[in-house]
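Q: For the sequence shown, the residue numbers in full-length UniProt numbering are 1 to 576.
Derived from the structure by calculation, the hints contain no laboratory data. Warning: the hint list may mix true and false statements.
[What the hints assert, rightly or not] Ranges of calculated distance between the beta carbons of each label pair, as one might list FRET restraints: (1) D24 with D181: 36 to 46 Å; (2) E430 with H557: 53 to 63 Å; (3) T468 with D181: 54 to 64 Å; (4) S147 with D181: 17 to 27 Å; (5) T23 with L154: 49 to 59 Å; (6) A478 with M342: 45 to 55 Å; (7) Q534 with M342: 58 to 68 Å; (8) M342 with G491: 32 to 42 Å; (9) A337 with G491: 42 to 52 Å; (10) P390 with D181: 40 to 50 Å; (11) A478 with K543: 17 to 27 Å; (12) A386 with P432: 12 to 22 Å.
[Claimed, not checked] DSS-like cross-link-like pairs, simulated, lysine-lysine; straight-line CA separation at most 27 Å: (13) K488 with K411; (14) K230 with K199; (15) K111 with K122.
Even glycine gets a Cβ: it sits at the ideal position worked out from N, Cα and C.
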Amino acid sequence: MYKDGLHAVTAVNTEAAFEQAYTDIVRKLKIKRGNDQDIKEFIRQYLSSEAANSRTLKGLNRYLPQSANGRTVFTTRSRDIAIKVAKETVKLNEFSLSKAERLLKKLMTRKDLTNDAASVTKLLHELTCLPLTITQAAAYLERNEVSIVEYLRLLRNTEKDIADLLSEELLNRTRFEKIRDIDRNAADILSFMSQIEPKSILQSLLPELSLKMQTVSAIGTLCGYAFMSKRDEMLNIHSLVHLATRIWLSREGLETQATKTAMRYLAGSFPTNEYENRHIWRTYLPHALRILMLAVGEPALRGGTPWSTGIEHELVRAYESDGQIRKAVALLKQVVAVQERMLAEDHPDRLASQHELARAYESGGQIRKAVALLEQVVAVRERTLAEDHPDRLASQHALAGAYHADGQIKKAVTLFEQVVTVKEKTLAEEHPNRLASQHELAGAYQADGQIKKAVALLEQVVAVEERTLAEDHPSRLASQHALVGAYKSNGQIKKAVALFEQVVAVRERTLAEEHPDRLVSQYNLAIAYQADAQMPQAVELLKHVTAVESRSLQEDHPDRLASLSALENALEVASQ
């Protein structure tokens, strides 16, 4: 660099570093100065003089040269500083893969190590094509005589191993203290982001600050330092910044607190698993899962916290809503295994997770496992909780539902009647939990052949919900849907069709054409039309359903196959 008359001067951290850089220039240029001369003023005068010829540097106000013989180039990772210092700025993009490959090959004396093109490409991707990490990797490869494949293996080991590979220079580039001094909000966001996945972070996932402009400013600070990039509402943090921040937090003894803070925030902000929110919670899923895995690795958090339990259950519900039952079961089995080792049998978090695992078993068709686990949970809660405790009632309700699903109808009816009796004594007529248990008891009555009891109870539930809930409320629609089924079982087809038409009309007004609930209602209305011998209406509606499902569902999706089969049957009946 100095041979070309280019002198690098750092203005970061201290004036001492600035003076040291000037001392280096004196040594490199082999010029003499008096012992009492201020080094900064001496270099300014020298580089501003004709004697310096082209070896000039325009710089920092009074300590840097003023000469027409050269140019000053400021380099900074802060966009704010660049804008304040210079009118014209040039953004240096990250190295391309081809440039990074040329740099690596130039640094390597053992050319045979770079013959494996695939390994070289993988390495450069892991190093994010950053010149500093490429230089460091090349030195390590040469010094230790290891292959690129072996270095890649080291890079994919634990964070401690990676930290040993990374130089202090690299880690210092992302010094947390520096960001914290500049913008405390940016530091808090960086700490949070280090606990989640580094890629595909919706801005809405970040902790909310008191003012929206504070969030905008904090993101601007982090983008200005090239710590992360932003495209529309999606953020990506540089993978090495992500790692370096975690290493710094660990060294300072702050990692457990950072994980706790992130869990507490995410537990309170995870979106509900309604169909309309599917894009948001699908984006949140990998981040929530990463925090949970971090918590499992932290001894102080391994037994579970209210926040980790909340995230676990939100994750499971999201997985279930997305049809990923196996993932829900796998996650909960892991959580329950840890809690059964760490927590007492009657610990609320342990029981809550066992309850959720049983629900996931049932959703995945493992009914016997669901029954066995819920019987265990109910036994503990009946021993330790009052008759009207919400958790006890919730587990009894779930066990009754599992009995129903397992064909143990008499047990289901008995337990549902017990739950409904308690809730009718302790909850208001319109309370959602009371109505939900009455709804399920009616279903058990119907399965037990007690159709008139089922119809009477569902008519009671629907009457209350029609007084207290909006016409498009999911619970109201579900109860009306169940009453339709009871009417059909009771031979009241006309009533069934009339009520189903009402349900479908509401869902067609309020739900997207491909929404599963809308399609299910239309399908069932078509079946009711067929039962009422209204074949043209049945065929027309089934044609519509199959057309929509052909666009929105896979060819082998069970719902699509069922609709096609029903249409074939309806066409056959209509042709007779």
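Q: Look at each hint and say if it fits the structure.
A: Hint check results:
no.: 1; hint: D24 with D181: 36 to 46 Å; verdict: 27 Å, violated
no.: 2; hint: E430 with H557: 53 to 63 Å; verdict: 37 Å, violated
no.: 3; hint: T468 with D181: 54 to 64 Å; verdict: 55 Å, holds
no.: 4; hint: S147 with D181: 17 to 27 Å; verdict: 42 Å, violated
no.: 5; hint: T23 with L154: 49 to 59 Å; verdict: 38 Å, violated
no.: 6; hint: A478 with M342: 45 to 55 Å; verdict: 38 Å, violated
no.: 7; hint: Q534 with M342: 58 to 68 Å; verdict: 60 Å, holds
no.: 8; hint: M342 with G491: 32 to 42 Å; verdict: 56 Å, violated
no.: 9; hint: A337 with G491: 42 to 52 Å; verdict: 50 Å, holds
no.: 10; hint: P390 with D181: 40 to 50 Å; verdict: 48 Å, holds
no.: 11; hint: A478 with K543: 17 to 27 Å; verdict: 26 Å, holds
no.: 12; hint: A386 with P432: 12 to 22 Å; verdict: 20 Å, holds
no.: 13; hint: K488 with K411; verdict: 25 Å, holds
no.: 14; hint: K230 with K199; verdict: 11 Å, holds
no.: 15; hint: K111 with K122; verdict: 17 Å, holds
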